[in-house]
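Number of protein chains: 2
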Amino acid sequence: MIVLAMAAAHSSNRMLKDAIFEANQACMDAMAVHGADAVTNATIGVVLDEEGKLAVLPTMEKVYRSLAMSELAAYAPIVGLPDYLNSVIDLTFADNKPEAHFSAIATAGGTGAIHHAIANYAERGEAVLTSDWFWGNYNVICVETGKRLETFTLFDEGQNFNIADFKNKVDELLKKQDSLLIILNTPAHNPTGFALSESDWDAVLDIVKPYTTSKGKRISILVDIAYIDFAGEKNETRKFMRKFSNLPENLFVMISFSMSKSYTLYGQRTGALVAVSSSKAVVDEFNQVGKYSNRAIWSNVNRGAQALLVKLQQDKTTYAAFEHERQELYNLVQSRANIFVNEAKQCGLNFLPYKGGFFIAVPAKDPAAICNKLHDELVFAVPLKLGIRVAACSVSLDKMKGIAAKMKAAFDKCNKA
Amino acid sequence: MIVLAMAAAHSSNRMLKDAIFEANQACMDAMAVHGADAVTNATIGVVLDEEGKLAVLPTMEKVYRSLAMSELAAYAPIVGLPDYLNSVIDLTFADNKPEAHFSAIATAGGTGAIHHAIANYAERGEAVLTSDWFWGNYNVICVETGKRLETFTLFDEGQNFNIADFKNKVDELLKKQDSLLIILNTPAHNPTGFALSESDWDAVLDIVKPYTTSKGKRISILVDIAYIDFAGEKNETRKFMRKFSNLPENLFVMISFSMSKSYTLYGQRTGALVAVSSSKAVVDEFNQVGKYSNRAIWSNVNRGAQALLVKLQQDKTTYAAFEHERQELYNLVQSRANIFVNEAKQCGLNFLPYKGGFFIAVPAKDPAAICNKLHDELVFAVPLKLGIRVAACSVSLDKMKGIAAKMKAAFDKCNKA
Chain A
57 MIVLAMAAAH SSNRMLKDAI FEANQACMDA MAVHGADAVT NATIGVVLDE EGKLAVLPTM
117 EKVYRSLAMS ELAAYAPIVG LPDYLNSVID LTFADNKPEA HFSAIATAGG TGAIHHAIAN
177 YAERGEAVLT SDWFWGNYNV ICVETGKRLE TFTLFDEGQN FNIADFKNKV DELLKKQDSL
237 LIILNTPAHN PTGFALSESD WDAVLDIVKP YTTSKGKRIS ILVDIAYIDF AGEKNETRKF
297 MRKFSNLPEN LFVMISFSMS KSYTLYGQRT GALVAVSSSK AVVDEFNQVG KYSNRAIWSN
357 VNRGAQALLV KLQQDKTTYA AFEHERQELY NLVQSRANIF VNEAKQCGLN FLPYKGGFFI
417 AVPAKDPAAI CNKLHDELVF AVPLKLGIRV AACSVSLDKM KGIAAKMKAA FDKCNKA
Chain B
57 MIVLAMAAAH SSNRMLKDAI FEANQACMDA MAVHGADAVT NATIGVVLDE EGKLAVLPTM
117 EKVYRSLAMS ELAAYAPIVG LPDYLNSVID LTFADNKPEA HFSAIATAGG TGAIHHAIAN
177 YAERGEAVLT SDWFWGNYNV ICVETGKRLE TFTLFDEGQN FNIADFKNKV DELLKKQDSL
237 LIILNTPAHN PTGFALSESD WDAVLDIVKP YTTSKGKRIS ILVDIAYIDF AGEKNETRKF
297 MRKFSNLPEN LFVMISFSMS KSYTLYGQRT GALVAVSSSK AVVDEFNQVG KYSNRAIWSN
357 VNRGAQALLV KLQQDKTTYA AFEHERQELY NLVQSRANIF VNEAKQCGLN FLPYKGGFFI
417 AVPAKDPAAI CNKLHDELVF AVPLKLGIRV AACSVSLDKM KGIAAKMKAA FDKCNKA
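For the protein sequence lines, the chains are A and B, in the order given. Each position in the first sequence, counted from 1, maps to that position plus 56 in my numbering. Each position in the second sequence, counted from 1, maps to that position plus 56 in my numbering.
No lab work stands behind these hints: they were computed from the structure. Check each hint, because a few of them may be wrong.
[Unchecked claim] Just a sample of chain B residues kept apart from chain A, beta carbon distances all over 10 Å, derived:
| no. | residue |
| --- | --- |
| 1 | Lys223 |
| 2 | Thr373 |
| 3 | Ser452 |
[Claimed, not checked] Some but not every residue of chain A turned toward chain B, in silico, with C-beta under 10 Å:
| no. | residue |
| --- | --- |
| 4 | Ser355 |
| 5 | Phe378 |
| 6 | Asp454 |
What you are looking at is a predicted structure, and each value in this text was computed from that prediction instead of being measured. We put the CB at the ideal spot given by N, CA and C, even for glycine.
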């Protein structure tokens, strides 16, 4: 007897396409042949130091190493350690707490936070809205949870935030569905490095607010701030959060917090989903559904990493030292990005408006062809659907030099061919 | 405008009932009044030492402390570190590998493994089958993933495995649905400490196998072995796994592996789902859907804990030392359980057949009433639906003495009332 599938009908044909893994594998293969020094790996999404090693912030390590084994080994409460959740809320907003009710739920990394928002704040079978340049995992989470991802065009012709298309898509979807979850990854958007300006945020809120007076409409905005601490000055990059003051009750804001990038603790899988609402009832419901999802999916979240954040944040001197180290790491990433940006301008390579973060994006009609052509120069980047992702976080200053020109040449060759 | 709910329709009315938390809270309140020494807390589901502190196995701690920070901080591959997955398979079966294809996917704890099995191996809206004494979270996971939990009666009148009712329920469900996921938590079942015997397992397989010749029927068995290393000798407790050799292709076995209890690393949230099938295609599909779920839900799993297991298991001397320490911890838990079991027999308190593990269960018509009565004696246990759960894992030898008699007295008082 031949059995084609044992998995459930909704799962069995799911197949993860992993462009980043494939690009990285191609790079590893090239390194094996040509040696690591000759090859540039612009595929990796973590900060590496100038020697190509994972950058781990020393004060974070010191505090982590000081944790008692019982703190590392014991279960955490289902929703997270109370002190962790308080620290998360303080760190999320810095001095920009809006007038609102808050809550937070510990999650398995930023991914877990986004998962919970999509799982619990979009109706089954309905659309979740994000920009056409997006972290591919948003779509994977939508499929896993039985939702559908739709996109608006992120940039207009002047490479500004495309307010008109955002409005079109919101209008279109809210004709068809009463509930809408919108995901905005800002500042330091993955993969472009773009950030919504203060006036972009005003436009976004002005577009969705009129719907809140319609009976039964429910709008949620998830702000993915995974890269925020590599986007600029703490309070400058968080200023937009003040706009979440006194929103209508049926306009709900969630913010996904991640320790991966901001604390160089990627592999410990610790994050949180933060809720902001003018309604206590909405926040209570958030706690209730988040607790349920936590219990059902991972029972509770890595206690050690939670304890680390608390210990790190509660001692002002320690946290100041940590922030100083992180600032230096941010400066390093920014310097690498600046090399690419300046060289791209010089050689006339079009790239998307980079304002900070781990990645720079170059739009392309056939990203795979350009990336393949770049392999001749032993430069490896990630071909996405709409263009090429270059990792400023992981390419050393020295190796970053010349990438833009090589990419421009690859475009020229592909155009000729 | 009044908004009742912002969450999606399928989520908004979910409310976690947490009997364990409530019982533990009542105990904490009593400790605040009477002092910790006067109070017995039999609600906690982790091994505490005789002083009431979390038991952490020293060799595990030593190895954990030896991990490089990069190993703790880096992302793991989506499906897990390859060496971790190999270690998991070796540790799951010990010397009892069936003739079959294997695979494993790292998950966030044992809960994550059970989540993936239910999410991907039961059809939406259909029933998952487990015993009527069950870990309550199975139901939470079913609700979260849009499935339904149904139960068979675990014990017959002689307190043996109720083969007849298992068969009834399998027959009944397979009349209505083509696919069936069966969850068996054995050995050291939570909350009874029961284990299926070799002949119980033969009966289970004899009941489901005839269905595999029917066109389109797909049967999956998830064996939850969270407590297996507190159930007896390594290969004795795993002997049943040999029965998974050369099963029909449409009878798929999954085993949920957890580092929580077996490695005293509860809070690091690291486990795995192991696949056993005579069909390579079924295992390939398992890898594919598991990878998809991992990426969608938590992206990847705690790398540090994975690296720990590899380092611990790959050095034979280290692992032998670790196993010796764990054996001592098992002996301690078993000694505590023996006190209860012997005293219960002496005073005529009926309890379910305990063969090992963290918990002993006492059937009761009104578990809450018995537990409340026990509070007068400053003994705190967990009232479940069908009875009372007593934690042998966390009550010291000294405090365990007399609990059975106090419980018997509570039953007698409640019966009189």
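Status of each hint after checking the structure:
1. Taking the minimum C-beta to C-beta distance to chain A, about 22 Å, the non-interface status of Lys223/B holds against the 10 Å cut.
2. Distance check on Thr373/B: its Cβ is at least 21 Å (rounded) from any Cβ of chain A, clearing the 10 Å threshold; non-interface status holds.
3. Taking the minimum C-beta to C-beta distance to chain A, about 17 Å, the non-interface status of Ser452/B holds against the 10 Å cut.
4. Against a cut-off of 10 Å between C-beta atoms, the interface hint on Ser355/A holds, since the closest Cβ of chain B lies about 4 Å away.
5. Because the beta carbon of Phe378/A sits about 14 Å from the nearest beta carbon in chain B, more than 10 Å, this interface hint is broken.
6. A hinted interface residue such as Asp454/A counts as satisfied when its beta carbon comes closer than 10 Å to some beta carbon of chain B; here the least separation is about 22 Å, so the hint is violated.
In the structure shown, a violation is registered for the earlier hints numbered 5 and 6, in ascending order.
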